[in-house]
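Q: Chain by chain, the residues run as shown.
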Amino acid sequence: MIDATWFSQPFRPDGGITAEGLRNQLGRPALSVLTVLVRESAQNSWDAKLAADVRYSLDLTTVSPVHRQAWVDLLLPGAPRESSAGRTVPDLLRSQSIRYLAVSDRGTTGLGGPTRSDVHAEPNQRAWLSFVLNSGEKQDVDGGGGTYGYGKGAFFLASRVSTVLIYTRFVDEGRLRSRLIGSALLTSTTIDDVPYTGRHWWGVPADGYCEPLSDGAADNIAARLGLPGFREDETGTTVVVLDPDLTDPAVDDRSEMSVEEAGRFLADAAGWNLWPLTLEGRARRLHIAVNAHGVRVEVPSEQNDAVLANFAAAYRLAAAESEPNIRCGNPKKGLGRFAYVDTFGAKATAAAAAELGLSGSPHHVCCMRSPDLVVQYLEQPAKPHPEVGYAGVFKVEEDLDATFAKSEPPTHDAWVDAQLSGREATFVRVYRRRLSEECAAVVGPKAKEVRVAQVPVGPVAQRLGFLLSTVGGTGAAEPVLSGHPVDDGNPSDPGRPSSGGVSPQGGSAGASAGSAYGTAGSGGTGSSGARRRGRPVLVGSPYFRSRSGRVILAQKVRIQAGTVVRGTAAVITGEGGAETAKPAGSSQPQVLGWQCNGVFAAGDVFAAGDESVEADLLINPVEDAAVEIGVEVTA
Amino acid sequence: MSILFPRLLPSESDRLFSGMRGRTPSELREQAGNSSLRAVFAATGGTRVTRNELQLLATTIETLAIAGGYPEMPGTAQRNQFDRAVARHLHQHTGMTPGEASQRQVWAFLGLVLVPHVCAWRFPMKDGVYVADRFKGSDLTRHTLARLWTRAHVLYDSAAPDPYALMDAVGEADLDQIMARRRAVAATPALVRAIVRAHVEDSNSGEDTPARAVLRDSLQRLLRLTAFLDLDWIPEEQILQLVREQRIESRKHLDVA
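Sequence lines, in order, name chains X and Z.
Going by the UniProt record's numbering, 207 is the number at position 207 of the first sequence; the sequence numbering is gapless.
Going by the UniProt record's numbering, 251 is the number at position 251 of the second sequence; the sequence numbering is gapless.
Hints in this document: simulated from the structure, not taken from any laboratory.
Here the structure is a predicted model, which means the values were calculated and not measured.
Every residue gets a Cβ at the ideal spot worked out from N, C-alpha and C, and that includes glycine.
Misleading hints may appear alongside valid ones.
[To be verified] Which bits of chain X does chain Z cover? Going by a derived footprint, with three or more residues having C-beta under 8 Å, they are:
#, stretch
1, 574-580
2, 584-591
3, 616-626
Let's have the full structure, built from the sequences with the hints guiding it.
A: Below, the structure is given as C-alpha cells:
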C-alpha cells in the first residue's frame, strides 16, 4: 500500500511561475466564481468528449462521518500551512464539516498520458500534462472551446483553500487506468532557506516532481475518501473542489449561500450557460445533473424554462439559416447567423441568469461560437410592453471562430475588438453593430411610453389566443414580413418567423389593441384604360420599418414596366369606407414616397422604367387606426 | 313565439306613397286601415298579428300622438315625448322581433296603411311633398316608426330599473348622430348605450366645449377604432371606459381649437 503525501514544489534554478501567478491567469472575472467554474469546467469536459454524450455533474456536499476520519488521516499529515485567502487545508480538515463540490464528467477521455512534463508526449497524450502540470497549454482538440488553457484556474479560485483533488480514469493501451492526485495553489514562500513556488501536490513524490496515485491505489484511496467513482468501463474525471466559495453573488456583504441555495445557483448557472449543448436533436449532447446534499436540483432547460425554450427555438432557426445573415460590408464577409423569436410572458428570474444580464422578459442575443458555449447575452433594446420580449441567437461562422476566440478574455465571456487589429478587429466591431440594427428592427419603432390600462384581459386573451398556438408563430395569420432597416435596402425575407412590425401599441384606450394595421387595397382599381398587364400588385402584407429613427408603414408593390402609379393611404372607419369627417387634431396617413433598390423618391407618384420593379410604398402611419393602402395606375 | 307583421309589397308601397301627394293628414287618416290585399306574411316563424291587434296598435299610436300635441305642431319637448312613448310601446308591446323589425316592408305597411296620418303629423309635407323615407321603410333609420323601434331596441338595458331610461336621457339630434352610424356604432347596442351614458355624464359637467361637439368628435374617433376593434364581446363597463377616454381626447383637442 502506497501512502500519498504532500509535495511542495521548490523553485528550479531557471525559475518558475508562482502559485499566485497561476491563480491570477484568469484575471479578475466579472462573473461570480461559481459561474466561472461552471463555464470553464463544462468547457473542459466538452472538449474531452468521446464519441457519445457527455454526462456532467456537480455534487455539492459535506464529507460524511463515515469518510471523515479518512480525510484527516490521509490529507492532514504534512499538509501545507500557508494559505491563499486566510484558510489553510489543516484548518479545513479540523473544522466541523468538510464541504466540497465535485465536478465530474463521464463519457470523456480522462487525463491520460505522461505524468511528468519533461518527456515527449504525442498531441493526444497530453491531457494530464495540460490539466495537472502545465499552464497556458493550448487545447489541441478540434472544435475545442478553450484557447488559453487557463480554465482550470477556475477550480482553484472556487476553492477557499485553493486546493482540489483530481480523480480520473482513462484508457491506456486498451486497459482502464486510474489516477488520483491533490493539487494546491497557495503562496510562494521560503522555508529553511529553500524558496518554494507555492504549488503543492498530494501524491507520490518522485525525483523533483509528484506522481499521482495510480490504478488500484488510486481507486482504493478515492473510495476511502468517498469520492464519486466510476461505473464499469466508464472514463472521465472528477475534480473535487475543497471548501467551495459559496459567497452569494447577488449581495455585496459576502454572505454565504446555504448548500441548497448554492445548489440552486449552480443548477441555474449550468442551465443558462450551457443550454446549447443540452438541446435535443444534437448529435452529441451534454447531460447536466446537479445535486445538493444528495438531493437532485432541477436544471433549467428548454423543457422547463420558457425563456430558454425561446432561446432554443431561436438557436434552431439560426442553425437553419442557409447562409450567414450577419455580414460585414467592408471587407465583405459573412460573420454569422442570427435568428430570434418573440416571447410572450416568459421571464427570467434566476439569480444566475441575472448575473448574465437577464431578468424579466428577454431582450438579448445569446452569442456563441464553436462548440456552442454561451459567450455572452448581449443586451438589446427592450420591447415597449414589459410582458413581450425576444430571444435572439447569434453564432459565429466556423471560419471566423479563431478570430472571435482571440478576442475573448480568458474567461470567454465577451468579444473585445481591442484585443485584435485590422480586419479581425473590424469583424468583431461590425457583428455588434449589425446585431443592434437587427434588434432595432425587431423591437420596432421606439414607441412612446405606453400606459397599459388596468383592465381584465381575459376576453382579449381568448380572442387572441390562436395567435399564440406556438409561441413566436404567426398563428393563422399570414406571416408578416419582418422589418429591416431602410438603409441597407435589403428586401425582407418572408420566411422570418415573426413580425418586427405589427407590435401592439395600445393608445390611451384601455381595450384597444393594434395600432395602424394596413389593409391592402386592391391595386389599380378605378384606373381608366389601365390594361390588365399594367396593374400594380401589392406583395404580401404591409409592415413596419424604421427610417431615420421614425416608424413608417411600408407596402411592397410590384409595378409593371412602363406604368406610372400613385400610392394612396386613408383611414378607414368601422363603416367600411374611407373616413370623411376627421376627429379634431387627429393625424392622417400620408404617402411619404417610394423606395426602390435603396433609392428613396418623395411624393406619391412612382414611374417604373423599362422593367417591372418591386418598390416599397412608404406611409406615415397613424396610431390606433386602420389604414387602407391603395395603388392606382395614372399612366 | 314572435309576432309576424304584414309586409306591404314594394309596388303597392310605391303606389300608396305616390297617392299621398298633396293629401293632408286628415285625408290620410280616412284612408288608413288595418289590412291590405297587397300585403303578405312571412311563411313561418311565428303567429300572424290579427286585425284587432293591428287596430289596437293604430289606436294606441294615434292616442300617443294626440297626447303629444298632434295634429297641431307641438314643440320639441312634446315631440320628443311622443317619440319616446311610441318607441317604448313598439318595442315593449308589439312582440316584434329584430328579424321582423329589419323588414322594410313591415314598416311600409305600418307607415302607409296603418297610421299614415300619424307619420304625416310627425313629418309633415315640405313644399307639398312628403319624404319617402319617413313612410316607405327604404331607410330604417329614417322611417318614422322604424327608427323609434330601433332606438328602443338598441338602448334597452335589461339591467336597469327602467329598461328604457336611456332613451329619455338624450335628445333627438344627438341620438340621430349616433344612430346614423348604423354599421359601425348602432350595430353594437352596448356601444350605443355606453355612448349615451358617457354623454349624459358629460352633459352635466358644464365645460367650455359643448357636450354635443364632444359627442360628434368622439363618434369620429370611435369610428376609427371600430374598424379594427370588435366591441361586441367587451364587457359593457370597459366599453364605457373606452368611450369616456375618446371623449377626453376629443375635449382636449376641441378645447384647444
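Q: Using a Cβ cutoff of 8 Å, are there at least 3 residues of the stretch 584-591 of chain X near chain Z, or does the coverage claim fail?
A: holds (count 3)
Q: Are 3 or more residues of the stretch 616-626 of chain X near chain Z, judged by a Cβ distance of less than 8 Å?
A: Coverage by chain Z holds here, the residue count being 3 at a Cβ distance below 8 Å.
Q: Taking a Cβ-to-Cβ distance below 8 Å as contact, does the stretch 574-580 of chain X have at least three residues touching chain Z?
A: holds (count 4)
Hint compliance for this structure: every hint is met.
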